[in-house]
Amino acid sequence: MGGKQKQTHDDVDEGGDDGSFSDSELSEELVSESELSEELVLDDSDSGLSEEYDGGNDDDSGEEDDSEEEDDNDSDEDDFDELVLHDEIHADEDDADNPHQDDDSDSSEDDDDTKRNTVGAVPVADWYRHEDHVGYDKHGEKVVKEGAGGGAGEPPTDAIDWFLKRVEGGKDARSFYDEYEGRTVNVTPGELDLLRRLREGRMPSRAINPHAPFDDWFSRETEIMPLSAAPEPKRRFVPSKHEAKKVLKLVRALRKGTLKTLAQKREEEAKAAEGGSEPYLLWGDDGDALLEDGRPYAEGLSARMKKLSHVAAPKQRRPGHGQSYNPPTEYLKEEQEEQGATGEDDALKEATEKDDDRMLAAPIPSMRQIPAYDKLVSERFERCLDLYLCPRVEKKRINIDPRSLLPALPKLSDLRPYPRLRHVTYQRGDTSRTAKASGARAAAVAVAVDPSGETVAVGFDDHVVAIFDVLTSVEVLRFSLPIPTEDDRDEAAVRHISWRPAVGTISDNSLPLGESRAAAAPVLAVAYGSRVLLVMPAVGPAAAEAAASVAAAASNANLAKSSKQRRQAGDTSAHGPLADTVSAVWVARHKTRAAAAAATEGSEASVASWGTYEHDRAAGAFCTGPYARLTGQGAVSISLPRANRANFVPCSSVAWHGKGDYFVSVNALHNRSGDSSAVVIHRLSSCESAKPFSKTFGGLKFVSFHPSKPQLFLGTMNHVRMYDLSRRALVKKFLSGTSASLSLRAGCPVHSSGDHFLCGAEDGTVSWFDTDLSTKPYKVLRLGLSRAASKNAAGAGAAISALAFHPRRPLFVACCDDATVHVYHGMVYADLMSNPTVIPLKTFRRVHTVPKTGEGVTATCFHPRQPWLFTAGADGDVHLFCD
Amino acid sequence: MVPDNDVDVEVLVRFTTRHRDPAMHVPATPLAVPSSTARRGLSDVVNALLNRTSVPTPFDFFIDGVRITGPLGRTISSLGISLETTVTLEYAPCIRPPSDVTPAHANTPASAACYTGTLLARKLNGEMLVGAFDGSLRVVTVPLDLTDAGGVVVSTVPDAHAAPVTDVCALRDRCVSSAKDGTVVVWGAEMPADVTVESLFHPPAPLCLARLEGAHTDGGVEAVALAPGGDRVATAGADGRVALWRVDDTALEKAARAAGDSKEAAAPTRKRKAAPSADTADVSTLSAAATLSGHAAAVHGLAWSDAGGGNGALFSGSWDGTVRQWDAGAGALITHAAVGYAVSTASARDACDGEVPPLLAFGGARGAWGIWDPRMAPVSLSASAPSAASRLKTTGTAHASWVRRLAFQPNGECLVASASLDGSVCIWDLRGLDVPLHTLHGIKPKSKTKNLTKDAAPPALGLAWLGSEAVAAAYANGEIYAFPVTSY
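Protein sequences, first through last, are from chains A and B. For what it's worth, UniProt numbering labels the leading residue of the first sequence as 1, then goes sequentially. For what it's worth, UniProt numbering labels the leading residue of the second sequence as 1, then goes sequentially.
Hint data in this document are derived by calculation from the structure and do not stem from the laboratory. There could be a bad hint or two in this list.
[As the list claims (entries may be wrong)] Simulated restraints on C-beta separations: (1) Arg403/A to Glu10/B: 52 to 58 Å; (2) Asp373/B to Tyr829/A: 37 to 43 Å; (3) Thr285/B to Arg416/A: 41 to 47 Å; (4) Arg416/A to Gly70/B: 31 to 37 Å; (5) Leu421/A to Asp373/B: 22 to 28 Å.
[As the list claims (entries may be wrong)] According to the in silico footprint, chain A covers these stretches of chain B (three or more CB under 8 Å from chain A): (6) 300-306; (7) 335-344.
No residue lacks a Cβ here, since even glycine has one placed at the ideal position from N, Cα and C.
The following block holds chain A by itself, in its conformation from the complex:
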């Protein structure tokens, strides 16, 4: 027992050594106690007592020692009271769990059962003085005085013996006679100690030390070596998630309304006290209800509330006695009540109807006599109707205005100015006469506005190029090209005309100033027959300026020779002397260079040959019109190479580079590839020509230079190719967006930004290509769909005949073969992020219609500055559309 206690003590010690100080406070205290052994003895009842008396230091003694000591103690006690000792041993065994129990109390407890006096508070000494007993125990047997019965432990009747016993010491020294119980009681040393401590006013138990020294384990001082060197844990600095969850729960509850603040509760109570609750829309969550300010009611509701609300049916009262088929008589309708109900008194009727408990007028004696429910059929029918008409499932329906899906278009008035009305018509002076004579007019096939915007050049299919004054609509100049006699005449028509872009001077430093200024004069390139004709309708300031400077710098022998030649040639018409000189300088310069080039290159006749244009006088005057006497008569002719003499190759298109020095000519060799001479690039300042491609594709439809870079766009039937001329490489090939071929019909010069161009197809679609974006079209516009054409499934519209970008404004135009002209707003942004904007603006119908053939617009172009659109048509007119 003591061993066990020690073991636990050891455990405790070890625990203390481990440093777990949480619950080992008491044991630590015990360990540190100086009276450790004594305390332990006290804990261990009588064994402790012997230890104390033996001065035993039994810390190291084992279990056996303890048991021996116990035996010793027992033997000591046997001397006086075997019975008690026996009982005590038993008690010890029984109360092993209770080490603080005293021996004495144990013995008295044993007496309680058998020998304890139960007479109560009576003067025992007086009453039982002469008896041998002192009273009765609970069994009614006498409690015999010690000594009376003469048993083993007879009381010392003799006072002297008693005194001597006590004086002798030993156990008897601490014994006294208990009159009430009639026996001698030994006082144990433990009890004696307790009594002594009580008398001294000390703590009765030795185990408790009220004045234990206070050990200040924890102090507010910051220790150098604290008890725990663990760093401050992270949780001290991190907000508690647990608390956050709790708070969130509360917040949600507050939002949901399940939890209410005190103020809300009071408010509701106040409202309830006022009477009635706030009115609310019962069906407000079905999506159609609107608030007063027009917002949907459901907008402010929570997601849960937005669902179709479940309106619980009102709770019905439980059937009472009145619903019984055989109610008690007090629930039956009485006779007079029934009469009152049938009578006039409505209030009474309502009152009786409300009273559910009084339903029947007469009880039904048995259950089998209950009639069928008379409203069953009608109620079932109405329920079916309800189910049929009232959907039980909320249908998610999205109401989207289809107009809101369309992109927001600006107002057309914001996009002004753009061509809206046809205002001016440019007609050849002889048109009406021709029309009367032959019944047909020459069709205008090409139109171009000069860079200054003052004149517009028009090419006709009867070998005439006319130049009109834009402002006055007067034909100021006409170049009549002779009809070639050899080859086929049809192919010799004017195909295309193009003005050289406005340039200050060509960067040709070898030229004297005057010549470079002359070179800056306006030049019109005419694709005519198998050659390109460069005419210089030099009217106005450029010509005058050039002429003045040329006259000043004129020391060129070629000039004199050439003008002499021209004079000798019988050119007696009233030439403006200055303009003629300019033209002569021009022609002479180009002629000499062309001759020089021919001399050096020798027999290489494959590249185009340059030369002056020798007009056939028999065919009439080359240049006529009001400006004729002010301008030159000469022209430079570039004969394009022919692959085959038998096969006439007309030049179909001419395009200038943006710097005005280079231009490219393309012949319209249909459906034949492999010819190297289809594309020829010419350089004006050096009178040279070159074939950039060793092999080209047949059926070239359009050609255009990049406005600033050395790039060339070639459009064939199926695709458009972009070449880098400096690297001599194909850069990109643009295809149609669909699997079908592009079926290119018309292209337009590349946009001034250089990154965009248009392609018009035979089926009436216009493809907008962004060269930076993709080889597929950025946008495809389906034009030319007349109403009849759009009805059939194929949907092929009239072919696109002409396309043009405005050089400065965000406008482009597409002309169809069905005599319609579509004007579009096409804004191109400088940043790479935003896509071009394309907005249809205006459609002109029945433009240039020719009654028999039905042909319409053949060519179009924009004014370089104004938002004016020029269209040339098969009826021989040129229209100007302006804002």
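Keeping the supplied structure of chain A fixed, place chain B upon it in accordance with the hints.
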């Protein structure tokens, strides 16, 4: 409450007029007139008031800038005026319709299609200075008392310019002509009191006083205007600039002396070959006194009137869609207004004797033309166009094509003539700009439709008032017609 037009109510009407003859004025007493009365009935009333019942005069009536064409009540109610107030009607004698009179006619060679035309300020019988596409100048008389083919080309300067003559302007003894090659020539003559116009151009040789050079280098000169005093010239070029030149006698003399010195000093370099027929090496050259820049595109309209006092009012109209008024003395912009379309002609009202505020008529790339009174709230350069356009009066579209020329009646009255590319000439009254008074056709279009493509008349490119009672129009095919514009 606007009563129904059919209900005949009486309107209190007060008649006023600006007629110069006091005999044509009626007392200002308001009269009650039935609202169904039309122009004829009103004319009868006025004639009765004037005691001219024996020879009644037809009148035109104007109210708030609208000419009365139908019943009086309808016009008044369409204007939103209450019929219960006293309405002030302005009346003026009618202009004789063109069917009454035959236009006089003159022919110039077809090769020299008229580009422009102006009145020579002589008290002769209808003389017109015409500039042509081939650079020649002609003086043409169009006698109004003769019928067809009565016109005579009095004199010709064949090589006045080396480029088409774009504009001519004449004032007293000075004429100015401009051409597409950027040259401006000042013509003149020492003018005895009895000299005729022949002495100006024909024998003796045409007197080229000076050439104005150096201001417009990037394009031709599109319009010229002479200052009211005749001592200055404004030119407008395709480069968007307006140049001012001093051409009074002292400046010309100084320039002539300088030219003579240079001729003596240096050998003749024959620098300018594009000179008139005579030896022009000694023609003095003037340089611009000031250059007014601000227009963003070619300036095609220029007008300089003596209204407003001081230097007069100098206006310009450009293809950039603005009209501007310039301070000719300081060489600065006074105010401007955005028109919304390219302006290709301008004309300003003259102040005849009276104090008339300056008023500009402009027209261009539309069939409509407009009136601008710069006194209205001045517009700063940063102001947006719509606010400025709101104070521009724009007429209806009577012309099917662009308006090429505009001309105010020179006596400062209310008539404006406009010539269009569709060959028609319209007479307008400033008091009622919604409908033209008359549309005049020198060369009748074959069909009455506005279809431009078929057989349109040649465009009318020159326009001038011959006095205040006739308008002459020069057509692109070289024909010149003069239409009498007389009132009853």
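Hints violated by the structure (listed by number, smallest first): 6
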